[in-house]
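Once you have looked at the hints, place chains B and C on chain A.
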Amino acid sequence: MGWLWSWAAIFPLNNLGHYVHWHWFLVSRSNLIVIILMVLTFLTALFLPFPGRSSRKENK
Amino acid sequence: MSTTEIDRQWTTRLRKRAAGKLPPEKLLPDTQPTYVASWIYVFGVATLSSLIVVIATGCILALRGPFWWHGSQYGHFINSMHLWSVELFFFCMVVHLWGKFFMAAWRGGRSLTWMTGVVTFLASIGAGFTGYVSQTNFDSQWISTQAKDGINSGGVGAFFNPLDLGQMLMWHIVLLPLAAVVLTGLHVLMVRVKGVVPPFEESAEVAQ
Amino acid sequence: MSNKKFRPDVDAPVYKGGYSPYDIIKEGTIAIIVIGVLTVLLSMFFGSPDDPAVTIKTWSNAAPVDFATTAASELDGSSTTGGYGAPYNHASSGPFIGPFHVAQSVGVRIPINTVKDFVVSPLKSLPNQPVLDQNLTTWSNASTSTQASWVASFTKAEPSMKFTGGHVVTSATNAGPVPVMIDSLTQMARTGALDQALVTGAGFYTTDFTKPLLFISDGSYLATLADKQHLTGDQWGMMNETGSYPGQAWLWLYSFWYQIPPFNTSGNADLLILGIMAILSLALLFLPFIPGLRSIPRRTKVYRIIWREHYRNHV
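Residue numbers (numbering that gives the first Met the number 0), protein chains in the order written: chain A, 0 to 59; chain B, 0 to 207; chain C, 0 to 314.
The following block holds chain A by itself, in its conformation from the complex:
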């Protein structure tokens, strides 16, 4: 399995981060991406149809 960790990391994030600065609000690009992903994931989870609809209608 040596090939697995000799690859890591393909895109190492060791270079200095980019920051979004607006008045006193300062957030790293990476953290902003994570927060946006969280919100998008939450919204997707709310709206995406869940499989098994017909089975549940039968069992209602």
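Hints in this document: simulated from the structure, not taken from any laboratory. Possibly wrong hints are sitting among the right ones.
Said to hold, decoys possible - Sample of chain B residues with no beta-carbon within 12 Å of chain C, all distances over it, derived:
id, residue
1, Gly19
2, Pro22
3, Gln145
What the hints assert, rightly or not - In silico DSS-like cross-links for lysine-lysine, where the CA-CA straight-line distance does not exceed 27 Å:
id, chain 1, residue 1, chain 2, residue 2
4, A, Lys59, C, Lys15
5, C, Lys56, C, Lys115
6, B, Lys20, B, Lys193
7, C, Lys25, B, Lys193
8, A, Lys56, C, Lys25
9, A, Lys56, C, Lys300
10, C, Lys15, B, Lys25
11, A, Lys59, C, Lys300
12, C, Lys300, B, Lys20
13, A, Lys59, C, Lys25
14, B, Lys25, C, Lys25
15, C, Lys15, C, Lys161
16, A, Lys56, B, Lys193
17, C, Lys155, C, Lys115
18, C, Lys15, C, Lys3
19, C, Lys15, C, Lys115
20, C, Lys15, A, Lys56
21, C, Lys161, B, Lys193
22, B, Lys20, C, Lys15
23, B, Lys20, C, Lys161
24, B, Lys193, C, Lys56
25, B, Lys25, A, Lys56
26, C, Lys161, C, Lys123
27, B, Lys193, C, Lys227
28, C, Lys300, B, Lys193
29, A, Lys59, B, Lys15
30, B, Lys25, A, Lys59
We treat Cβ as the ideally placed atom computed from N, Cα and C, and that holds for glycine.
Structure of chains B and C alone, referenced to chain A:
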């Protein structure tokens, strides 16, 4: 021994109480209410799965000691897995928290389920913090020397010293994982006992 | 049957609807596999950071003048650690809320004397140093006020201090044994011997790095490195990680308070913010019992999206 005597034993009473509260078909159900029909419901099990990966990778790191990963490619990869599973853990836990909040999942006698969830969240932050200061690199140095001010201000620093690697590491690999596992276990068992919270109804009803 | 009034934010209706098949073990297995694969992929693509630790050796070699000025501040107790207060010493009463000096009331439980622990004791451990030993004797025989005036003279000349020919060179006069002590400590630091002396002071086995960490954080080298990485308090540093790695986004609210008045200029910020976060955490914990807050889900009606199929089937 008479039957009454056996019934009065602590073991018998505990077993009957536990089996009554959580019979096998409730512990490992094969049906669920039809209202459990949203992707938001997967984030609880996703958080639990992330915790399992965190602990598994933590165990591998523990096999070779706290400095191993600095000099080994394999160790560094396991460290990366430990870090990313922690990121996934918090990611899934926050989405799970948002979902449970908007469902008002504490309703119907489930307030203890909510509370164990919050305590697990807070304990996880503690586990993450002790992990960061156990990395034995620049990040640990910076985080510990900064965090000490907040912790010292509350008087806690006298007993919980972020600059003491030995103490921080032991909290991280023994005490806090134990707390996280016990709290998560209680949380999950409570969901099984009480069931998933039913939807709101528009009209007022007498609670039975 | 109870005639208790139904409280929609507290009570749940009795479910009289149907059930559908559910494979809990399969769900758990799939979840572990998905999370496991995601973890491996993220690790393969991005790895994890490992910026090497700063040692007193690396610090004193990279910034010898900063080291020397920090060492001098340890000698007169004017360093951050020297003037910290509990749990390290009695130099300050520390942060407070009203009449409550919380840390001070708990007391000094991790005693640090910066003069002895960071300067004099390490220097005394050096063998075969007749000139240094003589200066150390001069130092220990002098009164506290004489010692203070020596350090003050040394500190006054700091703007013109240089590191030349492997030595700390100062134009200070009437500084007594201080220039020799500080130069010797800088030599000791540059060899790595001071790192060891500060850690093994308590015995052979130790995992407690309190002393070297406090000494390093008293200087500006560590903070300069942290500032470059946006890790300092006024840069929302608590949320950030070295490099471009995502950090601890869940600490956004803890970090937020340090950015705004009055906390961003207050010496009591740590205790005040700790208090605020404790109150907010308790509010989150006891949310089911807080009227108003616990009715937000019902009023915002986000649940109608989650349970839309249920409402459609049971209308």
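Consistency of the hints with the structure:
Separation of Gly19 of chain B from chain C is adequate, the least Cβ-Cβ distance of about 20 Å exceeding the 12 Å criterion. In this structure Pro22 of chain B is separated from chain C by more than 12 Å, as the shortest Cβ-Cβ distance comes to about 15 Å. For Gln145 of chain B, the non-interface assignment is contradicted: its Cβ lies about 7 Å from the closest Cβ of chain C, within the 12 Å cut-off. For the hint linking Lys59 of chain A to Lys15 of chain C, the alpha-carbon distance of about 9 Å falls within 27 Å, and the restraint holds.
Distance hint between Lys56 of chain C and Lys115 of chain C is fulfilled; the C-alpha atoms sit about 20 Å from each other, no more than 27 Å. A distance of roughly 9 Å separates the Cα atoms of Lys20 of chain B and Lys193 of chain B; the hinted pair therefore holds under the 27 Å criterion. At roughly 21 Å between alpha-carbon atoms, Lys25 of chain C and Lys193 of chain B fall within 27 Å of each other, so this suggested pair holds. As the CA atoms of Lys56 of chain A and Lys25 of chain C are separated by approximately 22 Å, the hinted pair is consistent with the 27 Å bound.
Taking the CA atoms of Lys56 of chain A and Lys300 of chain C, the gap is about 23 Å. The hint holds against a cut of 27 Å. Among the hinted pairs, Lys15 of chain C with Lys25 of chain B is consistent with the structure: their alpha-carbon atoms are about 17 Å apart, no more than 27 Å. A threshold of 27 Å between alpha carbons decides the hint, and for Lys59 of chain A with Lys300 of chain C the separation of about 23 Å falls inside it, so the pair holds. Distance restraint check for Lys300 of chain C and Lys20 of chain B: the Cα-Cα separation of roughly 33 Å exceeds the 27 Å cut-off, and the hinted pair is therefore not satisfied.
At most 27 Å may separate the alpha-carbon atoms for a hinted pair to count; Lys59 of chain A and Lys25 of chain C meet this at roughly 23 Å. Only pairs whose Cα atoms come within 27 Å are accepted, and Lys25 of chain B paired with Lys25 of chain C is accepted, the gap being roughly 16 Å. At most 27 Å may separate the alpha-carbon atoms for a hinted pair to count; Lys15 of chain C and Lys161 of chain C exceed this at roughly 83 Å. Restraint check: the Cα-Cα separation between Lys56 of chain A and Lys193 of chain B comes to about 24 Å, which is no more than 27 Å; the hinted pair holds.
At roughly 22 Å between alpha-carbon atoms, Lys155 of chain C and Lys115 of chain C fall within 27 Å of each other, so this suggested pair holds. Of the supplied pair hints, the one linking Lys15 of chain C and Lys3 of chain C holds, its CA atoms being roughly 20 Å apart against a limit of 27 Å. This hinted pair does not check out: Lys15 of chain C and Lys115 of chain C have alpha carbons roughly 75 Å apart, beyond 27 Å. Distance hint between Lys15 of chain C and Lys56 of chain A is fulfilled; the C-alpha atoms sit about 14 Å from each other, no more than 27 Å.
With a C-alpha separation of about 72 Å, the suggested pair Lys161 of chain C and Lys193 of chain B falls outside the 27 Å cut-off, and the hint is violated. Under the criterion of a C-alpha separation no larger than 27 Å, the hint pairing Lys20 of chain B with Lys15 of chain C is consistent with the structure, at around 20 Å. Proximity of Lys20 of chain B to Lys161 of chain C is assessed by CA-CA distance (about 76 Å); at most 27 Å being required, the pair is judged violated. Of the pairs offered as hints, the one joining Lys193 of chain B and Lys56 of chain C is violated, with about 59 Å between alpha carbons and a cut-off of 27 Å exceeded.
At most 27 Å may separate the alpha-carbon atoms for a hinted pair to count; Lys25 of chain B and Lys56 of chain A meet this at roughly 23 Å. In summary, the hint linking Lys161 of chain C to Lys123 of chain C is supported, as the alpha carbons are separated by about 25 Å, within the 27 Å threshold. Restraint check for Lys193 of chain B and Lys227 of chain C: the C-alpha separation of about 51 Å exceeds 27 Å, so the hint is violated. Restraint check: the Cα-Cα separation between Lys300 of chain C and Lys193 of chain B comes to about 23 Å, which is no more than 27 Å; the hinted pair holds.
Distance restraint check for Lys59 of chain A and Lys15 of chain B: the Cα-Cα separation of roughly 33 Å exceeds the 27 Å cut-off, and the hinted pair is therefore not satisfied. Simply put, Lys25 of chain B and Lys59 of chain A have alpha-carbon atoms about 20 Å apart, close enough for the 27 Å limit, and the pair holds.
In this structure, the hints that do not hold are numbers 3, 12, 15, 19, 21, 23, 24, 27, 29, in rising order.
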